[in-house]
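Participant: This is what each chain is made of:
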Amino acid sequence: MPNSYTTIIGLEVHVQLATDSKLFCGCSTQFGAEPNTQTCPVCIGMPGSLPVMNRLAYDLSLKTAVALNCEIPEFTKWDRKQYYYPDLPKGYQISQFDLPMSASGYLEIHDEKDRFEPKRIRITRAHLEEDAGKSVHDEQSGTADSEIDLNRTGTPLLEIVSEPDMRSSDEARAYLSELKLLLTYLGVSDCNMQEGSLRVDANVNLHIDTDDGKIATPIVEIKNLNSFRAVERAIDYEAGRQFGIWQETGQKLGESPKQTRGWDDTAGITRGQRSKEESSDYRYFPDPDLVPIIVTPGQVQEVKDSLIELPADLRLRLTNELGLSAYDAEVLVNQGREVVDYFLKVVELCNDAKAACNWVTQEILRVLKEREITIGEFSITAVGLAGLVQAIAEKKLPKTRAKDAFELMMAEGIDIANAIERLGIEQVDESELESLCQELLDANPKIVADVQSGKHQAVGALIGQAKKKNPNVDPGRVREICLKLAQQG
Amino acid sequence: MSLVEHSACELLELLAKGDATSVEITRAYLDRIEAHDKQIGAFLHVDADAALKQAAEVDRRRQAGEALGKLAGMPVAVKDLLCDRDAPTTCASQMLKAFRPPYDSTVVAKLKAADAVLIGRTNMDEFAMGGSTENSSFQLTRNPWDHDRVPGGSSGGAAACVAADMAPLSVGTDTGGSIRQPAGLCGVVGLKPTYGRVSRFGLVAFASSLDQVGPLARSTKDAALLLEVLAGHDPQDATSLDTEVPQYSTSIDRPLEGLRLGVVREHFAEGLDGEVETAVRDAIGVYQSLGATVKEISLPHSKYAVATYYVIAPSEASSNLARFDGVHYGHRTDRAALLEELAAERKQLEAAGDQAAIDALDSSLVRMYRKSRAEGFGSEVKRRIMLGAYALSAGYYDAYYLKALKVRRLIRQDFDAAFEEVDLIAGPVTAQPAFKIGEMADDPLAMYLVDLYTVSANLAGLPGISVPCGISSTGLPIGLQLQARPLAEETLLRGAHMFEQATDWSNGRPPAQKKLRLPANHANKRE
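Taken in order, these protein sequences are the chains called A and B. Position one of the first sequence corresponds to residue 1 (our numbering), numbered consecutively onward. Position one of the second sequence corresponds to residue 490 (our numbering), numbered consecutively onward.
The reader is advised that the hints may include incorrect statements.
Claimed, not checked - Which residues of chain B face chain A? A partial, calculated answer using Cβ under 7 Å:
1) Tyr592
2) Gly691
3) Ser697
4) His722
5) Asp726
6) Ala727
7) Leu730
8) Glu805
9) Val816
10) His817
11) Arg872
12) Leu881
Rather than coming from a laboratory, the hints here were simulated on the basis of the structure. Built from N, CA and C at the ideal position, the CB exists for glycine as well.
Can you make the complete structure from the sequences, with help from the hints?
Facilitator: Structure follows, in structure tokens:
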């Protein structure tokens, strides 16, 4: 019988916090500047320099930890993680070791396609640390010289470590998406993976069912994961690879040291990495240059109270209070707070959540995607869209012309009244409509006869004719009136 | 009386009255350095032109009636580990031979803001590790009282230059006794302030939780004046204390009423030199005659102080000195030689067919680290880095570093309890007067015990002062140490000043100095 196995996944996520200045000095954290232009004696570890904590970075991480349902200890401190690497100018990284600023939280994940049951992923801890610099290896020149850019050195990172609670690449992706959404809602990070604002390492191993019970394979840490897609692919690849290795060697957890492998996105495989110029012993000890941080329960409560509505709560509100489907709520919330705010504003003005949702999810999101713009850059304001929805409800705008009006409003940046006028849409008077219908029925006695014999669909032919005579007529109304008159007839 | 024989306070008076100019004073000291420092070796760098220029500028501003700082025109020597922008800051190490910091330490910035004249950079044990200044990788410093003896350390140059009248004021640092011990051995006043009283920003760290900057001077009043300038909160140092700085030099004249003086039972144990014990006991007698009550106290954990210190200090040092790896800071080994060496090793291994050894061969980066650090650091620094790296290693951390932190807390608690009963604690600075150069070179452990009486104050974060209290039969100065509660520098200075006023020891001058030829053209105008 072939062995079945479960993939066990834990994720370590490094998030660059959205501060203007670095964690321990006043240098800018702006991405993309000329190498080594955003540095000072402190962040380049100049002899004699001393770090002083950036309070904002701590506040942002506290907010995040609270949103991740973490426990916040009253006492937290800084530790030095020591290793030699050219992009680490002090020879140690200031981080948090045994007393992190938060621990024991969780994040709820679900799948809109129901590929897995909603579940809670436990967060082991979230701690603050400074980033290292960047080594640029020049392979072209042939001298094998490396260059070092210290602009990034000292940038505040929040490392969020999950428990190994995920069981598939789908779950891993859902965790990352939900985490990214949460961080974006909180405004604590821009989560830009290309600029390194969000970095993921995955710890993967297998639990294999054997005749002798369940056994675990050695844990592998996968690095160099540059997109959520890469995370999914790497996990799937690694699961297969580990199963193959186990079949070959039978090696179990604890029988070999934790291995680090790098993901090669082009080749679609993981490769063993040469261990860094460091041992696994980081010789952590409390940084004597910094003072511990004391946080009172009152301060934590204050952060809890001031927390904005989080994505999970927002989804609930959209379904429970506004009657949206779970799917629609998901689509809206996943677009980020700005789109949701736009939507809520439209609803507030037109009082029709369903219609507003359809416009936003079907038309506006399509346009945003096509044009690669944000809702803030979109030319129809919430007020404008609400006007459109209302015009339809008030029958000032036939549904059949609604899309024309939308396109015109978008192209010209005009309001609905203008659009209606520009499109030459006029409301057709009820008596006018009735005489038009009567005219058509009179000209088509066969259709009248069909209707009378019960073939109601026969009036369909008249709707097209009515529209030819007057483009402003409402096809539904034409149908209703024609049926009524024919049956009377 | 020559200008260089005046106290700093007297010189400031002369300057204020117009009886001397800063250029005259600075030149007098520069001449003195020129004449005697070849023998003493207190200074690593003296930029006479820059000092005279600074002095002339202060004189000009004084002439123009501009507002001037507290030390306007006063020469001050600075230990060579406090960053001075664009000036050498070597820490007496080959490692930083070429280092020119692009910024000022807060202490140097404060001296500049006080319009002091920075007269020179003083010698020290490499990275402040040592108690004799013999660990300087550039030169020996000799004790002005006996040129065959050490000046103490690590601020040996800082103490010697004051003792030999080559600077009226000098700034040192004290991690385990490095101000008080050389002050004691050179017969000058040296004060280690409360941890956090003076900013450490720009002080090239030895042991961050113990390092503290402080003044050395010929009198307690001069030390008080310099401390006034150095002390104060610094937002650039997270461990700096945000409390007002008292006017130490003003309050110092007020004797302490009803002083309760503590004498530590454990201080008078085996190993204390008889003459030192007598001098210290006599000093305690002086206090009694001045109306102080003397109380015997116990610091039961003080016997663990040296052991605790030699776990904590090297641990922090091993981390603080990691940055000197040849990549960003410090000496870097010769590239061509390194690559040649590696290639030769590889060739040899290949010939032997030893694949395992070939695989284990250093990368050029790792070899660069190894060679740069091997070449750049002296043996005592290496010894402490190894000690510290060991104590912080996984599996040893709890037994060494963590245990040391716990004992450190107990030591502090001992002091807290003692200061419930007494205002000052009096005792020896060192067990013996200055020892001979080379005497302890082969015995690092004996050298570590030199810190016996001083390390506790660093571990507990307390202020301590060394004041001259006697001369041995061999003609060497003996120091009295006073310690006080955290932030009680005022009490400390007033207490030390009382003793100084009641005795003659602070007026002692190295005998060798009397034979020295003083510059003729710098006689005191008042004479």
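Participant: Does each hint hold? Answer for all of them.
Facilitator: Evaluated hints:
{"no.": "1", "hint": "Tyr592", "verdict": "5 Å, holds"}
{"no.": "2", "hint": "Gly691", "verdict": "4 Å, holds"}
{"no.": "3", "hint": "Ser697", "verdict": "4 Å, holds"}
{"no.": "4", "hint": "His722", "verdict": "12 Å, violated"}
{"no.": "5", "hint": "Asp726", "verdict": "5 Å, holds"}
{"no.": "6", "hint": "Ala727", "verdict": "5 Å, holds"}
{"no.": "7", "hint": "Leu730", "verdict": "11 Å, violated"}
{"no.": "8", "hint": "Glu805", "verdict": "6 Å, holds"}
{"no.": "9", "hint": "Val816", "verdict": "5 Å, holds"}
{"no.": "10", "hint": "His817", "verdict": "5 Å, holds"}
{"no.": "11", "hint": "Arg872", "verdict": "17 Å, violated"}
{"no.": "12", "hint": "Leu881", "verdict": "4 Å, holds"}
Violated hints for the displayed structure, listed by number in ascending order: 4, 7 and 11.
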